[in-house]
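Visitor: What follows is each chain in one-letter form.
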Amino acid sequence: MAQLNMVQAINQALGDEMARDDRVVLLGEDVGRDGGVFRVTEGLLERFGSERVLDTPLSESGIVGAAIGMAAYGLRPVAEVQFMGFTYSAFEQLIAHAARLRSRSRGRFSCPLVVRTPYGGGIRAPELHEESTEALFCQSPGLKVVVPSGPYNAKGLLLAALRDPDPVLYLEPTRLYRMFREEVPESDYTLELGKARLAREGSAVTVIAWGSMLERVLKAVADYDAEVIDLLTLNPFDVEAVLASAGKTGRVVIVHEGARTGGFGAEIAATVAEEAMLFLRAPVLRVTAPDVPVPLAKLMDRYLPTSEQIKAALDQVLQY
Amino acid sequence: MPEEILASFTVKRLSILDENGKVDADLMPPFSDAEIGRMYEAMVLARTFDERAVALQREGRLGTYPPIRGQEAAQVGSALALSPAEWIFPSFREMGVHLTLGYPAAQLLQYWTGDERGQKAPERLNIFPFCVAVASQIPHAVGAALAVRYRRDPVAVVAYFGDGATSKGDFHEGFNMAGVFRLPLVFICQNNQWAISIPLKGQTASATLAQKAISYGFEGVQVDGNDPFAVYRATRQALEKARSGGGPTFIECLTYRMADHTTADDAGRYRSAEEVAHWRARDPILRLERFMAQRGLWSEQAGLEIKNRLTGIIDAAVREMEAIPPPAAAELFDTTVARLSPRQTAQRKG
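So the protein sequences, as listed, match chains A and B. For the first sequence, the residue numbers in this note's numbering are 1 to 320. For the second sequence, the residue numbers in this note's numbering are 1 to 350.
By construction, these hints were calculated from the structure, which means they are not laboratory data. Among the hints, erroneous ones may be present.
[Stated by the list, open to error] Calculated cross-link-like contacts (lysine-lysine; reagent style DSS-like; alpha-carbon spacing at most 30 Å):
1. LYS12/B x LYS201/B
2. LYS22/B x LYS12/B
3. LYS349/B x LYS195/A
4. LYS120/B x LYS349/B
5. LYS168/B x LYS212/B
6. LYS349/B x LYS248/A
Input sequences plus hints: build the corresponding full structure.
Guide: This is the structure in structure tokens:
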């Protein structure tokens with residue numbers, strides 16, 4: 001088995017699926033000759049040709065909208081939006097169309113597409129290059145939102161997304177792209193969408209996180225009897241796994257790097273409050289970014305949740 | 001160095017049948033009398049459907065409805081040029097296109113009662129659901145055309161939209177990609193000159209909408225949108241060009257929205273009775289009747305018989321629509337996703 005970083009794992013998943021299924025076509029800005037700004041699609045143009053790897057004009061709404069038409073026609077398009085902050089101009093296409101086409105046409109058309117986009121802070125990039133607004137997309141029934149946290153699950157989740165009959169927004173944590181390597185099987189494997197991963201077993205407290213925060217959480221909890229749940233899919237999220245762990249530990253801390261108000265942590269906290277309150281020994285806490293726009297590099301350390309903040313939340317719930 | 005002219009352009013307007021029913025014989029498509037009769041009946045069917053839909057709304061039997069009155073030539077003329085294999089991306093004011101292609105009238109009415117099952121296109125037609133978000137269907141057509149090209153299928157893709165759509169970003173993004181990739185597309189704009197209360201001059205400073213295509217590197221043509229022969233000819237040529245690798249075409253059908261924007265609108269608030277009267281005299285159905293009368297293909301009596309027969313068809317469609325049982329509550333869930341999440345499954349049980 002090869003040791004791959006996340007960029008290599010995603011690249012392998014794309015290449016393997018394109019070789020297996022001629023309906024899979026990539027499109028986006030700079031995805032061809034340049035191999036994408038993060039080199040995630042490197043080598044795929046050479047391998048599959050310009051009919052299957054389309055360098056498009058600078059046109060996020062056009063890219064996602066075109067992917068919808070391709071998907072409805074019978075292809076399996078993979079659209080790359082260069083940074084999550086640029087998905088906003090494609091928001092209408094994702095929310096009003098991709099997520100609703102099956103419903104609007106009462107099943108006559110479907111929209112099996114994947115929109116890949118790098119997200120998250122900590123890469124010293126310009127404005128709108130470090131967003132983490134996944135919650136915006138999670139209130140759209142019909143659109144799956146998937147966030148890998150490492151090379152192994154990045155490949156398995158992407159292969160599952162590529163074979164899913166409905167649209168998937170696949171968020172790639174840029175900070176983790178080349179942070180570490182893992183053993184990634186060359187073989188074909190999928191991880192079921194909507195299923196969380198038990199990243200660490202414990203019994204005193206449950207920490208729920210996803211994507212870029214996973215690595216930070218695992219470091220922070222090293223000296224605690226903490227169970228860590230890696231959601232992997234936010235919409236629909238694994239309610240059963242969350243409730244099972246909350247019932248076991250009685251304490252829940254949610255960590256995400258997006259702003260607090262209306263963040264996806266609120267949905268998890270509400271679910272725990274509705275369905276597991278009788279098991280709780282402490283209030284559900286959230287460790288998140290503050291309610292401010294994502295800053296540039298100089299203030300990023302003040303913005304992203306830190307190891308110290310995570311530990312402080314654990315200490316707080318463990319007092320009960 | 002002197003300044004140079006790098007680009008200059010002309011915009012063509014196509015018109016075959018004038019207001020008095022006279023045709024330009026050189027440009028007239030080779031229609032048989034029977035084909036002209038079918039075109040006329042399709043336009044009257046669209047008009048009859050529309051009148052009935054408005055009446056049903058007034059009686060509380062239909063929800064808010066956007067009339068097509070005045071746009072029958074643009075809709076029927078273009079739809080008659082299409083083959084059923086074509087992929088069609090409508091806005092929400094193309095019921096005449098649907099009817100001409102054989103989309104069941106009962107199902108169209110069903111949709112406007114507020115029943116989304118009306119948008120499940122029959123398998124024989126590749127027609128997307130109505131698109132209420134103006135212009136956002138244009139990129140979908142571009143994507144379908146990319147897929148057509150990838151699959152080397154011998155079909156073209158058609159997007160319909162109105163004049164208001166040309167002000168939107170998705171018009172630009174879609175047109176731009178269509179030009180860059182030279183796709184098998186036909187863009188049909190029904191320029192009915194009003195986007196609710198905003199007249200064309202409030203929508204664009206361009207002399208024509210057709211000329212916008214030039215900046216994207218493909219042909220744009222304005223046709224008399226109340227002339228079904230001109231619309232048919234332009235659409236047919238554009239489809240042939242698209243299918244044979246010649247790239248996209250933009251057809252601006254200059255027409256007029258004779259009715260309100262929707263049944264919830266009152267156009268008297270923002271446009272003059274004189275303007276409406278001017279266009280009423282240019283009604284596309286009157287014009288075709290004049291032409292047919294001169295050819296001995298139409299008389300008051302024959303027109304009445306056709307109208308009565310088509311009214312019977314719409315009557316039957318209304319009865320059929322009103323006999324459809326209301327959707328079950330589970331309809332809310334069943335086509336949201338291919339496989340419901342555990343939470344959705346629980347919600348479905350209620």
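Visitor: Hints first: check each against the structure and report whether it holds.
Guide: Each hint, compared with the structure:
no.: 1; hint: LYS12/B x LYS201/B; verdict: holds, 20 Å
no.: 2; hint: LYS22/B x LYS12/B; verdict: holds, 20 Å
no.: 3; hint: LYS349/B x LYS195/A; verdict: holds, 22 Å
no.: 4; hint: LYS120/B x LYS349/B; verdict: holds, 24 Å
no.: 5; hint: LYS168/B x LYS212/B; verdict: holds, 13 Å
no.: 6; hint: LYS349/B x LYS248/A; verdict: holds, 28 Å
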